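Q: Spelled out, the chains give:
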Amino acid sequence: MATIDRHPQRRTLRARALAAGAAIALAAPLAACGSDDNGGVPVLNLYQFPVENMQSVIDMCNQQAAGRYKIVYQVLPRAADDQRVQMVRRLAAKDDSMDILGMDVTWTQEFASADWIKEWTGADKTEVENGTLPGPLASAEYEGKLYAAPNNTNVQLLWYRKDLVPEPPKTWDEMIQMSQKLKSEGKTYQVLTMGAQYEGLVVLYNSLVASSGGTVVSEDGKTAVMDAGAINALRTLKTFATAGVTSPSFSNALEDDVRLAYQNGGGAFQLNWPFVWPSMQSDAPDLAKNTTWARYPGIDPNTPSVTTIGGSNVAVSAFSKNPELSFEAAKCLRGPEAQKYLAINAGQPPSIEAVYNEPEMAEAYPMKDTLLEELKNAAPRPRTPAYQNLSTVVSAQLSPPASIEPDKTGAELKSSIQDALESKGVLP
Amino acid sequence: MSISSTTPAASQAAEQQAVPRQRRRRAELSEGKKQERKLGWLLCAPAALVMVVVTAYPILYSFWLSLQRYDLKFPQDRQFIWFENYVTVLTNGYWWTAFGVTLLITVVSVAVELVLGMGLALIMHRTLVGRGLVRTSALIPYGIVTVVAAFSWRYAWTPGTGYLANLFAPEGAPLTERASALAIIILAEIWKTTPFMALLLMAGLALVPDDLLKAASMDGASWWQRFTKVMLPVMKPAILVALLFRTLDALRVFDNIYVLTNGANETSSVSMIAYNNLIKGLNLGIGSTMSVLIFLTVAIIAFIFVKLFGTAAPGASEEGRR
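Read top to bottom, the protein sequences are chains A and B.
Under the numbering used here, the first residue of the first sequence carries the number 63, and numbering increases by one thereafter.
Under the numbering used here, the first residue of the second sequence carries the number 41, and numbering increases by one thereafter.
Read the hints as simulated data drawn from the structure, not as lab findings.
Source: prediction; values computed, not measured.
Just so you know, not all the hints are guaranteed correct.
To be verified - Label pairs and their in silico Cβ distance ranges:
no., chain 1, residue 1, chain 2, residue 2, range
1, B, 342, A, 148, 43 to 51 Å
2, A, 289, B, 338, 40 to 48 Å
3, B, 122, A, 474, 21 to 29 Å
4, A, 143, B, 156, 55 to 63 Å
5, A, 200, B, 98, 38 to 46 Å
Virtual Cβ for every residue (Gly too), placed ideally from N, Cα, C.
Next up, chain B with everything else stripped away, as it sits in the complex (with noise of 0.2 Å):
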């Protein structure tokens, strides 16, 4: 009986604990505090500064950029035409296939990376024995250079060199067709970042005090219910962390599809069409708008998660605070 009354009494207290505890900050709010808080300030500055100078300016230099026709290969040519080059990306069919591109990758490969993560973070926290080495070998993905796998993908798949060619596409060329490339550049991303997601979700897994599974338990709730019921609820601030992480660094997808296709049979992302344009197409007006189009998308993703979905630092979240 008393067990079963833990976890809502315990919610109900640190309720009421939050609740006079933000009363008394608004309240207290004088000379101490006050002190308190400007001096954090100034502490902050120096860094708050640096970040201001390496993030900001160059943000808004292409910004100016993007506002002109500014092509080095026509430098006469220079001159400031508003709002030209957005209307031209964003008519521009490249760049709406580079788009669906780029989203279809991040949607399929967080998806997939979700669920793989979890199961390799389970895993992980749960082992008992060698529990150093699982951690560290399922960690070996993240730690080689994405370039450096993303060629031995590359070699794997070419017909006649490679052992996955050879093995599941004996007569074809699976990196010059359209489906099979993204198939293969979705794969690298996984393979490659599924043991980020999984050591993101680790540590909201170390948040689910044992005593509430046990507690699950001898109430007769079966595993999935106590993954569904208890484990995810009380993950959840680390999984849309992770989430947020993963997307905005799928959105920015580049090196695979470099090294895989080039871009070629239209598998460019919008980071491989927006490098074409600024460095190969020396057009820092095309270029610089794609690179703000991308800003923009990053910021309204990014929005979306801490807004609508409430995602925040573990350690600030409510159950961390607990």
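Just chain A, same shape as in the assembly (with noise of 0.2 Å):
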């Protein structure tokens, strides 16, 4: 009898505490959920790629907004295509969770487009566009209205060897000349940029076709253009990867390829993003001495170059809980004091023009005056929703960029960019 008394009540002992773990795991997520407002405090959620020490920015912003929110970091992948697709996907879900989107400059007119970011307006708007420089502020535009708030900027420079070049080159014609030169003379002649089938053959054609005075895609981004001037740039890049000035792996070469090639003493040029600077400060000194900085090089001699901006922009998601919240922390993340920090901390040139003049940056960014003078006068990449698509088709047709056939090429793309506009674009 006992043997038999005891056996259901340790069926209904292990069932009361299968019961009671069921009720905790389920519980569980909900209470984490619960306590999302700690305390009434509303959270914003931050979706973002990784900074370096962005917490401390947060931290401050948070401190600053003395229990009104409180910002948490959603760090995304790393690769810039892993973030666009989580966050894509998301938004496409309409998911609430996502407050403040700090995003690449060239998906805000795509987000923009696909009213999954709130415009800005009044007050938010002036204190965005007072002081932003005007580069950076246009690729936060789109149809007229303002999306996003510029949050850091880059621009390329052009970096050379002064103990080869005296004097820097003004135009890519010149370069190349003075690159065949030191060639015959038998010493480093290299001109080092980045050629390979990505984003930064596009950002290279698209900084050769502004200097041109061209036109990829029209101003409200419907229509492809592909005028005289984009041609032109067509031309001077054939002629740049045909001249012989460029190293052997210039159409699979990405930045850090460049930046190492330049650093183990493989060209008396290289155009590239400012990082390259402190990296060559600490692993190749020597070097560094004998390496200086200019405007990168125009199409005209008695027109200054404009370049591609790069960087990245804040926007106040569309699905937000809490919008005039996002809008408030958005503006102090993007703020003087947070782009000061970063500038300083993570190397991250900003996009408002008075932090430049902070005693220091001087320090940290001794070429400060030239990014300034290339970031007054600077170019987005075409500001169309449609940009994936365009960057994926003319990076694919710009490749090689020694196999250009500047009014074949030139035709081809006009007609592909046109497909990827009206959504007939097929993506390989």
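Once you've looked at the hints, go ahead and assemble the two chains, each given alone in its own frame, into the complex.
A: Okay, here's the thing in structure tokens:
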């Protein structure tokens, strides 16, 4: 009898334990959700790519908010494609747990057109426009409206060996001639820059187009233009790629390959982002002593160059439950204080002009005058919601640059860009 | 004498048995049988209904999307355009390149897998010592998550760090050239799914009666003759099922390509390019069109296998019924 009695008892015990376990398992995530607004403080989720020392900026903003909101950093993956895919998937599903979005400049128009981000209006808009450099500001606009606040920005500079090149070249033609002369003298001569089939090639081409006063896509982002300037840029790119001045691995080179090639003494010229400077200081100090910078070369000797801007913008998700607070938090995250901190501690050039005049900036950015000069006359990449598709087809058709046939490639580009703008473009 | 006549006699008997049985079934379909059938349908209904809901709805929805210009980037430009997306995709070079790559991967990997899988199945079937160990270790590749395996292949073929790259291609970067990249993708597929093929074929091998093999061997059939004249015909249904499964599986290849090359240098499969247009490009119209086309391809291949080659589940086959 005893054994019979014990069994059902044990079973009920086990069943109870199971039930309790299940209840805990089910309730735990709910509890976690419930504690989201810890003590009534609304939580704002910032979805952004990984940035060094970003948490310090967030802590600073949270402190300033004094309990009105709490920003939580949701770090996106490292690769740009993965960041975009994750954001886009959430936004397409109208995920209301996203509040502030840190995004690449080229996604702004796409997200704006899809109605995924809120327009900046009124006092918020004025505050952002005040003191922000025009190039970065343009990258945050779509159809004449402001959809994001420029955070950091970036432009490429010309880095060159002052022991080999007495006077920096003003144009691409001049640079090619100088390099050819060095080559004939048996000296280090190569012009190093990014030419692989990826976004970097589109950035190079966009700088050439802007410098020759050309247009790829109409101002409203609806029509492919590919005018004479755009064709001329194709011609310059082809000349450069076939003049015997590039490195053999030009058509495979990404940013870091170029940096390393120059650092190892492989070139007389390097066209690259400012991140190469600090690493040259620490990894190749002797070479750094012989290296200096100049404005990116242009096309016409009498017209200064126009360069492509990089960087990121902050926007407020259209599905945020706390839009007003999110705007406020976004303004703090891209404010002058935050920009200065990240410029020095994360190597991200600011988009607010006044920050460049801060005393600490001179040490961290010795090239800041040239940077500013370029930033004041910079070109965003084609501002169209279909930029992602456009970039894919452009980099595919420009690669490898030596095989460009200016008129033919131009015509092909025009039709495939038009397809992309009409949602007919098939991505490879 | 009597041994050699066993085989034809047996199959004759089976045929005789099969014919009246069929006739009987048609004649007796009344009352009790009808009730039974009705009950059968009722019992199946819930499962069938769930199947319809979870499979039919997405299929119809993607077909509906494929008839529209629907691009999340341009929500205001959404419109019904009939079959324009199909024209766009079917006249596009990228699509046909991807289609060719997919067919190449499918044909080569399935053919090699069939041969290797058969070998592996024979080994697993015939092992006497450590049978469990042999079978388990043979199945390890199939037990590893595809993405994880793909990453290890990628690192192995990365110049500088990978042992395979250092061994076979010390100069180049095999994953950045089309031919070698495709070869590596196929290799990864084969390594991964040969055990699955072997498992299915082993089930077929179990159907081959030992008596039949002994009889053939008494008749003086060589090993090869026993394999081709006795084992293969008996295994035919199992082989066809294995081929069908693997073909449809290989046709949807995605993980290995995504990790190994991400579609660079024209190594995209149709699934990759559908993903790129749907998820990266946000183009629901074109992306759904591609999904529907992939579905149609799968349906056509399944139809060919089932109707023309007579593939059926092993249990339902003639040999299985015996």
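Q: Taking the hints in turn, state whether each one holds.
A: Do the hints match the structure? See the list:
The hint said 43 to 51 Å for the Cβ distance between residue 342 of chain B and residue 148 of chain A, and at roughly 34 Å that hint is violated. Distance hint check: the CB atoms of residue 289 of chain A and residue 338 of chain B are about 46 Å apart, consistent with the given range 40 to 48 Å. The supplied range of 21 to 29 Å is met by residue 122 of chain B and residue 474 of chain A, whose beta-carbon atoms lie about 28 Å from each other. Range check, residue 143 of chain A to residue 156 of chain B: about 35 Å between beta-carbon atoms, so the 55 to 63 Å window is missed.
Taken as a hint, the range 38 to 46 Å holds for the pair residue 200 of chain A and residue 98 of chain B, whose Cβ atoms sit roughly 42 Å apart.
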